[in-house]
Amino acid sequence: MSSVAVLTQESFNEHRSGLLPEQSGGAAVPTAGEEEDALPTYKDAFPPLPEKAASPEGTQETANAWTSKIRPLKSSVITQVFHVPLEERKYKDINQFGEGDQAKVCVDIMHKTGAHLELSLAKDQGLSIMVSGKLDAVMKARKEIVSRLQTQASATVAIPKEHHRFVIGKNGEKLQELELKTATKIQIPRPDDPSNQIKISGTKEGLEKAKHEILLISAEQDKRAVERVNIDKAYHPFITGAYNKLVGEMMQETSARINVPPPSVNKTEIVITGEKEQVALAVAMIKKIYEEKKKSTTTIAVEVKKSQHKYVIGPKGNTLQEILEKTGVSVEIPPSDSSSETVILRGEPDRLGQALTEVYAKANSYNVSSVSAPSWLHRFIIGKKGQNLAKITQQMPKVHIEFTEGEDRITLEGPTKDVQMVQSQIEAIVLDLVSRMDYTEISVDPKFHRHLIGKGGVNINRIKELHKVTVRIPPDNEKSNLIRIEGDPQGVQEAKKELLELASRMENERTKDLIIEQRFHRAIIGQKGERIKEVRDKFPDVIINFPDPAQKSDIVQLRGPRNEVEKCSKFMQKIVAEMVENSFSVSVPIFKQFHRNIIGKGGSNIKKVLSTAWLGRGEGLCECLIKKLNPC
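Here UniProt numbering is used: the first residue of the sequence shown is 1, the next is one more, and so on.
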C-alpha cells in the first residue's frame with residue numbers, strides 16, 4: 001500500500017535541513033551517494049577512551065560501547081556500469097573513426113579523473129562502460145564519458161528566480177554535486193539577468209534527472225504546501241497517462257504542481273506543491289487512481305528479443321505512449337544495461353490481449369538483415385559522395401544501412417518490407433559490380449610510396465585517370481607495403497604493370513655527386529643551356545642538377561638508373577678534364593690609365609679584340625692588347 005507523508009511545518013523544516021532521510025517505497029539498491037552517506041565517521045568508528053580508570057563494570061560498559069558502535073568500514077572503491085545506447089553514441093561506427101580515437105578519449109579520462117575504465121560493445125551495439133575508483137573519481141569520469149562519448153541534447157526548466165541560489169548552493173557546491181550526479185552541464189542565469197530559465201545540456205537521461213532534481217529543489221523552497229506520495233514505480237504511467245495528458249489535466253483542474261519522476265529516474269516519490277486545498281485535492285486524485293489500478297490491473301510477462309526492445313519503446317518512448325493511449329496498458333521494458341528479455345504488460349485483463357498484439361507487431365515491424373558484399377566493393381556501392389546510396393535512402397528513408405570496414409557484409413535495419421526492398425536493390429548492385437570489377441594488391445617498399453604518388457599526386461592521379469581505377473597507397477603511419485588497385489579488370493592489370501615498372505625503376509635508381517669547380521659550371525651548361533642539353537639528350541633517363549651560383553658549391557648531382565648515372569658521370573668528367581687541359585691564363589700588366597682605351601666606348605674595343613683573337617691562343621690576345629695600346 002502507498003503511504004502519504006503528513007508534513008507539519010516542523011517536519012518540513014527538518015526535511016529541508018536534511019535531518020530526515022528520504023523515504024522509499026520498497027527495498028532499493030543504494031546509490032553511490034547513499035553509500036557515501038552511510039560511511040561511519042571517525043568518531044563513530046573509534047569512540048574516545050575514558051580519561052580515568054573505571055571499575056570492571058565501567059570497563060565492560062566501555063567495551064560494549066566500542067563493540068556496539070563499531071561498524072565494518074566499507075571499501076572506498078566503487079564500481080558503476082554506464083550504458084550508452086546506439087542512438088546516443090557519438091562514435092557509432094567504431095572502425096570509421098578508429099578504435100584508437102575512442103581509446104585515446106578513455107585514456108585521457110582515466111588520467112584526468114583517476115578512475116579505471118573498461119569498454120565493451122553490447123549485442124544491440126550500445127556501449128557498456130565499467131568505471132571503478134573512488135566515488136568522486138567515478139562521478140567525474142561519468143561526466144567526462146557523457147560529454148565526450150555520448151551525443152548531447154539540451155533542455156530548459158523554469159523555476160522562480162529566487163530559487164536559483166538554492167540550486168547553486170554555498171560556493172556553488174550544490175550545483176557541482178548536481179552536475180556530477182546527473183552528468184550534465186547546468187547553466188543558471190546571472191543575478192542581473194531577469195530570466196528564470198535554467199539551461200541543461202547532456203544526454204536525454206541526464207536531462208530528465210537534472211530537470212527532476214531542480215524542480216524538487218524549487219519545490220522544497222516553495223513556501224506553499226508540499227506533499228510527497230510514494231507510488232510504486234510500475235503505476236506511474238497510469239498517474240501521468242499517455243503523453244502526460246492525465247497528469248496535465250489534474251494540474252489544470254487542481255492548479256497544483258505535480259512532479260512525477262521520469263522513467264529513467266528510479267524514484268517512487270511523487271511531489272505535489274501548491275495551495276493546501278489544491279495539494280490535498282491532487283493527492284486524493286493520485287491515490288484514487290493508484291488504488292483503483294492496484295485492484296483492477298494484472299500483469300503478463302512475455303519474452304521479446306533484446307535487439308527488438310528499441311522498436312517497442314520507439315523514438316523518445318513514443319511507441320510505449322501510443323500503446324498506453326490505445327489500450328490503457330503500461331509496457332515495462334528492462335533497462336538497456338540489463339540482459340533480461342522479459343517485457344511486462346500491466347493493465348485491465350480484457351485489454352492485455354490487444355496490448356500484447358501491439359507489442360509483437362511493433363517488435364516485428366522492424367527487421368535486421370545483412371547483404372554479403374566484399375569489403376573492397378563497399379565504396380563502389382556507396383558511390384562518389386554517397387550518390388548511389390542516396391538514391392536508395394531517399395526512397396526508403398526509414399532503413400538504416402551500415403557498412404563495417406573489413407567485413408564482407410552490409411547490415412540493414414528498418415521496417416520489414418522496406419528492408420526487403422533495399423536488400424534486393426543492394427544485392428543487384430553487388431552482383432553487377434562483382435561481374436565487372438576486380439582488384440589486386442602489389443608490394444612496394446614504403447620508402448618509394450611518395451615517389452609513386454609524385455609531387456601533388458601528379459603521378460598517381462595520372463595512373464588513376466588513364467586506367468579508370470582507384471589506387472590506395474597506405475599512409476606513412478601504417479608502415480605497410482601493400483598497394484591496392486580496384487576497378488575494371490583490364491585497367492587494374494595495366495595500372496599494376498605501370499606501378500611495378502615505376503617501383504622497379506626507383507629501386508634501380510642511384511644518386512651521385514660530382515665535384516666540379518664552380519668556375520666550369522657556366523661553360524658546361526653553355527650559352528642558353530645548349531651544351532648541357534646535348535648531355536641530357538645523350539642520357540635522357542638521368543636528371544642533372546647544378547647548384548645555384550649564389551651557393552658557391554662545387555657539387556653537381558646526377559640521379560637516374562644506376563648504369564646510366566655511371567655513364568653520364570664518366571662523360572661529364574671527360575668534359576671537365578678537357579676544359580682543364582685546354583684552358584690557361586696569363587697576366588698582362590697595363591697601367592690603370594690605359595684601361596679605358598682597351599675597353600673602349602660601350603666595350604667596343606674589348607669586344608673587337610675578343611672577336612679577332614682566338615680564346616685558346618693567349619699569345620695572339622696579348623699581341624692585340626699591346627697593339628691597342630701602341631698602334632702601328
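One thing to keep in mind: the hints can contain errors.
Subject to a maximum C-alpha distance of 25 Å in a straight line, what follows is the list of computed PhoX-like cross-link-like pairs (lysine-lysine) [as the list claims (entries may be wrong)]: (1) Lys310 to Lys417; (2) Lys316 to Lys398; (3) Lys233 to Lys295; (4) Lys267 to Lys310.
Distance windows between CB atoms, simulated [what the hints assert, rightly or not]: (5) Pro160 to Glu341: 44 to 50 Å; (6) Phe166 to Asp101: 49 to 55 Å; (7) Lys417 to Asp232: 38 to 44 Å; (8) Asp232 to Gly386: 47 to 53 Å; (9) Asp408 to Gln493: 22 to 28 Å; (10) Arg510 to Pro374: 48 to 54 Å; (11) Ala280 to Glu341: 42 to 48 Å; (12) Ser372 to Lys245: 44 to 50 Å; (13) Lys287 to Glu427: 58 to 64 Å; (14) Val77 to Thr342: 29 to 35 Å; (15) Arg148 to Asp232: 35 to 41 Å; (16) Asp445 to Lys567: 22 to 28 Å.
These are computed hints drawn from the structure, not numbers from a lab.
Even glycine gets a Cβ: it sits at the ideal position worked out from N, Cα and C.
Here is how each hint holds up against the structure:
Between lysine 310 and lysine 417, the direct Cα distance comes to roughly 18 Å. Compliance with the 25 Å bound is thereby established for this hinted pair. Between the alpha carbons of lysine 316 and lysine 398 the distance comes to roughly 16 Å, so the proposed pair stays at or under 25 Å and holds. Between lysine 233 and lysine 295 the CA atoms are separated by roughly 16 Å; this keeps the pair inside 25 Å, and the hint holds. The hinted pair formed by lysine 267 and lysine 310 meets the criterion: a straight-line CA distance of about 23 Å does not exceed 25 Å.
At roughly 45 Å, the beta-carbon separation of proline 160 and glutamate 341 lies within the given 44 to 50 Å, and the hint holds. The hint said 49 to 55 Å for the Cβ distance between phenylalanine 166 and aspartate 101, and at roughly 41 Å that hint is violated. Roughly 40 Å separates the CB atoms of lysine 417 and aspartate 232, a value that falls within the hinted 38 to 44 Å. At roughly 50 Å, the beta-carbon separation of aspartate 232 and glycine 386 lies within the given 47 to 53 Å, and the hint holds.
Aspartate 408 and glutamine 493 have their C-beta atoms about 23 Å apart, which keeps the hinted 22 to 28 Å range intact. Between arginine 510 and proline 374 the beta carbon distance is about 41 Å. The supplied range of 48 to 54 Å is therefore violated. Remark: the range hint 42 to 48 Å for alanine 280 to glutamate 341 is upheld by a beta-carbon distance near 43 Å. Restraint check, serine 372 to lysine 245: a C-beta distance of roughly 48 Å satisfies the suggested window 44 to 50 Å.
Distance hint check for lysine 287 and glutamate 427: the Cβ-Cβ separation is about 59 Å, which falls inside the suggested range of 58 to 64 Å. Between valine 77 and threonine 342 the beta carbons are some 32 Å apart, a value that agrees with the proposed interval 29 to 35 Å. A beta carbon spacing of about 37 Å between arginine 148 and aspartate 232 agrees with the range 35 to 41 Å that was offered as a hint. Between aspartate 445 and lysine 567 the CB atoms are about 26 Å apart, so this pair conforms to the stated range of 22 to 28 Å.
The structure does not agree with the numbered hints 6, 10 stated previously, though it agrees with the rest.
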